[in-house]
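Enquirer: So the chains spell out like this:
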Amino acid sequence: MKSSAKKLSAAPWVFIGPFLLAFGVFTVWPLLQSLVLAFQQTYGPGTTRWVGLRNFEYLLGDPLFWRAVANTATFTLGSLFIQLPLALGLALLLNRPGIRARSFFRLTFFAPSLVGLPFVAILFAPIFEKRTGLLNAGLHYLTAGAWSPEFAWTQNYVMSSLVLAALWMYAGFNMVYFLAALQNVSKDLIEAATIDGCNAWQRFWHVTLPEIRPVASFVVLLSVLGSFQMFELAFILLNNGAGPDNRGLTVVMYLYQTGFLTGDLGYASAIGWVLALLLMGIALLQRRLTRKFEEN
Amino acid sequence: MTPTRLVRFIVYALLIFFAVITLIPFAYLVAGALKSRFDFAASIFLPAGDGFLGVAWGKLTLANFHRLVFELPVPRAMLNSIFIASVHSVVAALLCSMGGYALAKLKFPGRSLIIGIVLTALIIPGPLLLAPSFQLLYQLGLLDTYAGLLLPGLTPAFGIFLFRQAMLRGVPDELIEAARIDGAGEFRIFFELVLPLVRPMLGAFLLISFLGAWNNFIGPQIILQSPELQPLSVALNNLRGVYGTDYGLIMAGTLVSIAPVMCLFLLLQKEFISGLTAGAVKG
Numbered sequence: 001m002k003s004s005a006k007k008l009s010a011a012p013w014v015f016i017g018p019f020l021l022a023f024g025v026f027t028v029w030p031l032l033q034s035l036v037l038a039f040q041q042t043y044g045p046g047t048t049r050w051v052g053l054r055n056f057e058y059l060l061g062d063p064l065f066w067r068a069v070a071n072t073a074t075f076t077l078g079s080l081f082i083q084l085p086l087a088l089g090l091a092l093l094l095n096r097p098g099i100r101a102r103s104f105f106r107l108t109f110f111a112p113s114l115v116g117l118p119f120v121a122i123l124f125a126p127i128f129e130k131r132t133g134l135l136n137a138g139l140h141y142l143t144a145g146a147w148s149p150e151f152a153w154t155q156n157y158v159m160s161s162l163v164l165a166a167l168w169m170y171a172g173f174n175m176v177y178f179l180a181a182l183q184n185v186s187k188d189l190i191e192a193a194t195i196d197g198c199n200a201w202q203r204f205w206h207v208t209l210p211e212i213r214p215v216a217s218f219v220v221l222l223s224v225l226g227s228f229q230m231f232e233l234a235f236i237l238l239n240n241g242a243g244p245d246n247r248g249l250t251v252v253m254y255l256y257q258t259g260f261l262t263g264d265l266g267y268a269s270a271i272g273w274v275l276a277l278l279l280m281g282i283a284l285l286q287r288r289l290t291r292k293f294e295e296n
Numbered sequence: 001m002t003p004t005r006l007v008r009f010i011v012y013a014l015l016i017f018f019a020v021i022t023l024i025p026f027a028y029l030v031a032g033a034l035k036s037r038f039d040f041a042a043s044i045f046l047p048a049g050d051g052f053l054g055v056a057w058g059k060l061t062l063a064n065f066h067r068l069v070f071e072l073p074v075p076r077a078m079l080n081s082i083f084i085a086s087v088h089s090v091v092a093a094l095l096c097s098m099g100g101y102a103l104a105k106l107k108f109p110g111r112s113l114i115i116g117i118v119l120t121a122l123i124i125p126g127p128l129l130l131a132p133s134f135q136l137l138y139q140l141g142l143l144d145t146y147a148g149l150l151l152p153g154l155t156p157a158f159g160i161f162l163f164r165q166a167m168l169r170g171v172p173d174e175l176i177e178a179a180r181i182d183g184a185g186e187f188r189i190f191f192e193l194v195l196p197l198v199r200p201m202l203g204a205f206l207l208i209s210f211l212g213a214w215n216n217f218i219g220p221q222i223i224l225q226s227p228e229l230q231p232l233s234v235a236l237n238n239l240r241g242v243y244g245t246d247y248g249l250i251m252a253g254t255l256v257s258i259a260p261v262m263c264l265f266l267l268l269q270k271e272f273i274s275g276l277t278a279g280a281v282k283g
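Protein chains in written order, with the working numbering: chain Z, 1 to 296; chain P, 1 to 283.
Pulled out of the complex, with its shape left as it was, chain P reads as follows (with noise of 0.2 Å):
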């Protein structure tokens, strides 16, 4: 062998390496979710039997799934977290454009205060907020309601700077100029002209946000108490305390809580990479 077909051998086996040990948690995830609770904890992976390559595949079972759907608060769980995640990555995507829209394109006094607040915002650590959050969100009576979860997070500093960023860079001064010219109302010319141009931006905050809120734990579980205004974080959690040890209904949960993001990023996940780095790479 030459070095250098050693050396590209040693790559790929480096990389099909870590590889499998990336996907090892999935399959057993997958395996898991489809055992009964006795096979979950006799067997790793799918329980050893007579059948093809070696696998019970009679053994295993929907069971688990039928379980969740059925008999336990899980669909309901589902939907929250389908509307919790929906409304707030719409509503932010929105207000944060037109403020980083009015920071990028626009002059106005104070302009510059308003940049200097929203770098400042940036760095404020979130677990700092969350006691005074909570008495506050408690004097406003919006304790355990989707409005005292939701309003605090709309405007997040970060997704005002992402997308004024993007419209310094991608929307040029000219185009805006000439349609205030030809007449074009503010609006018009935000929802027509400058929002199309940066929808690269666009599409990686929305499936950035809608992640975060999918997979936000400590807001609901400090602020939502009802069991039926629980997302899936949360509801999951409070099932594996009394299910605990049933592993296989509990995998069958995750496996249901996760599909739905995979999904949207398998959809959407060119203009995720691209979003997840623009800040970090060209800013």
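So here's chain Z without its partners, still in its complex pose (with noise of 0.2 Å):
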């Protein structure tokens, strides 16, 4: 009985011991450490050069950090109201009774999202091209010719390329789960309010979004969240680079560059300190805006 118990006092700490050695040693460790790094300059990561508070002093004042700061929030409310409505409104469109062929719909419009940013992006280059590209030669085609833009888009139109980019590959998956959430929705509750007399737009509006909102606003928190790391699609979209007068830097990109081509590991994490505040302070804002909608 005595060994029984020893042994099964042991077992928990086998198991979760894996983790707690990896978050220690991979997590902790390196958080405390950027800590430090933050107050210190790098050449590399071998060589550092304490320099107290003067990162975040001349991070406050650096143009490029707030280029990219705007250019991320841009990027973010982009995906924001044209995606997450998109993906809501297809999510609607399927989960309409008697719809036939429900699952291949669904399944096209999850794929994009399988196919990985790096990859969304090389695709997406071409498509961008100037004249000879999808983009450009598809709005000659629809137009008969009539009109041949130019548009250099990954030139001029920066983030309006990424967010079409961003949309082709995250509208579809963003509609998986609002799906799932309204096949949760209760059909008794949809018939009584159609009794009841409402219309359409009355039910979507009192009945099925109230439903919904624990899952919108968790995909509004993950969308906005990932938006605002966003680094992959613009990087290689942009051929490795911040994109003409960088239009295309994005804080994370920022950080890279400074952290990886610079050699500054000690600016960089006073960067990533920087983007961590302004991330819980978006969530923070988010709850109070769901906890206040949800009071009226």
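Hints are computed from structural coordinates only; laboratory data are not their basis.
Among the clues, some could well be false.
[Unchecked claim] Beta-carbon label-pair distances, calculated as ranges:
#	chain 1	residue 1	chain 2	residue 2	range
1	Z	I282	P	Q225	32 to 38 Å
2	Z	N239	P	V20	57 to 63 Å
3	Z	N240	P	T4	39 to 45 Å
4	Z	N239	P	L175	39 to 45 Å
5	Z	L142	P	R37	31 to 37 Å
6	P	P3	Z	F81	27 to 33 Å
7	P	L53	Z	L222	39 to 45 Å
[Unchecked claim] Examples of chain Z residues lying across from chain P (beta carbon under 10 Å, computed):
#	residue
8	P126
9	L189
10	A192
11	F235
12	W273
Just so you know, even glycine gets a beta-carbon here, dropped at the ideal spot from N, CA and C.
These two chains come separately, so use the hints to put the complex back together.
Expert: Structure follows, in structure tokens:
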């Protein structure tokens, strides 16, 4: 009895041990280290120099950093207000009773998110190509040659092209969440509302939307946080750079450039902490807005 | 047309419209991969000609794939991707299911503290750890090695969280107690009783982690400098630097890179979707 009790008390640590060890070494330690690094300047990972608060002072007045924040915020708002309504719309269409080939449509809409960010970026480079690219050539073809746009998407419409590529990739991904939520909405509630004389719009606004609100706020939070950490899509699509006049520079790309191209891991850590604070602020704001919305 | 039929017509028209828009880039990708450098610029999809459906089928070529396989380091990069994604997904699934099990079903001092740590770890933004992890891997001498790429990601907090949720819901305490009374050891209980009960989550998690590692770019881009170690995501992007405007070749490389995960998904899609939405809808 005694030995079995002893065995029982050791087992949990064997199961959770790998996580605790890896978490300590590869998360807690780097997290503490980044607090130290944020007050240092480095020349590559080996040479460090203490600079106190100067990284943060410089960051607050760094026009490139604020350019990156503005770009990233634009991209995030684009994702939020174009992509999510479209995702919800597709989910509502697919959720209608008696839709045929539902699983075919669902799979089709979902497929782009399987491609993976680096490959989406590589695929969209020729699509956005000036004159010969699919988008320009397609517009030319659809207007029967009346309109031959020569948009240099990744030159003059940097953020629009990033939002478009992300739209293609993630609209169906978010649709899956909305669809799962819609399928959990009680049919009786909808029926009761119909009997009470609600039209389709009233049913959506007063019954469906409140029912899917938890999932909707989860999807909003997930895509805002994800968009704010965007890196690969812009970096690869813009040929490993920030685009003309840094119009495609994102916060994480700036972190990457300073840390791994310039070699200043200290300044990169300072950027990382400011990004973390921004994300936390967004998450708190979103929670307050959700709560306020629920109270009303 | 009655109003209901009109609505139905509009619904299908919209669905088909968006499905076509979604599929066009895929068609562009496949057509592009089969075209020579010259034909890529000369036609949007397939080159026009006198053949069946007005397409010059004879102009299509497998030369791009031939070059990828025999002249460029793409086969090596493919093997690297398969290796990295397989090791990552299998080990992460094992360690996360173990951790999730301890936090869901075993009682020990400090458990609620560790649950709190896992929930906190969920919100740490990845980019914050890039610079200090790079420095740590440098100090450990693990830069430019697979150990350096794989070790930091083996126990993602969200994996522990997902398995804990699945086990709280799907594994009855009575079963574990009964097995214990029958004299089964803790590991036997875990591998032969608990894991089979959460098989759907296991499948979904394996697939999600495989996809995540396959499509990871920033990790290998920073950690792996040697070309012979790089996975497809980084290798293909480097290829673009050299053959930038040879889009036929690049499209063939992209097609080759995404085909394996697409096939894997089609085989396991049911488990994938249920795993994806498990935490969000029922959690």
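Enquirer: Does each hint fit the structure? Answer for all of them.
Expert: Here is how each hint holds up against the structure:
{"no.": "1", "hint": "I282/Z x Q225/P: 32 to 38 Å", "in the structure": "holds (34 Å)"}
{"no.": "2", "hint": "N239/Z x V20/P: 57 to 63 Å", "in the structure": "violated (30 Å)"}
{"no.": "3", "hint": "N240/Z x T4/P: 39 to 45 Å", "in the structure": "violated (54 Å)"}
{"no.": "4", "hint": "N239/Z x L175/P: 39 to 45 Å", "in the structure": "violated (56 Å)"}
{"no.": "5", "hint": "L142/Z x R37/P: 31 to 37 Å", "in the structure": "violated (26 Å)"}
{"no.": "6", "hint": "P3/P x F81/Z: 27 to 33 Å", "in the structure": "holds (31 Å)"}
{"no.": "7", "hint": "L53/P x L222/Z: 39 to 45 Å", "in the structure": "holds (43 Å)"}
{"no.": "8", "hint": "P126", "in the structure": "holds (5 Å)"}
{"no.": "9", "hint": "L189", "in the structure": "violated (17 Å)"}
{"no.": "10", "hint": "A192", "in the structure": "violated (21 Å)"}
{"no.": "11", "hint": "F235", "in the structure": "holds (8 Å)"}
{"no.": "12", "hint": "W273", "in the structure": "holds (7 Å)"}
In the structure shown, a violation is registered for the earlier hints numbered 2, 3, 4, 5, 9, 10, in ascending order.
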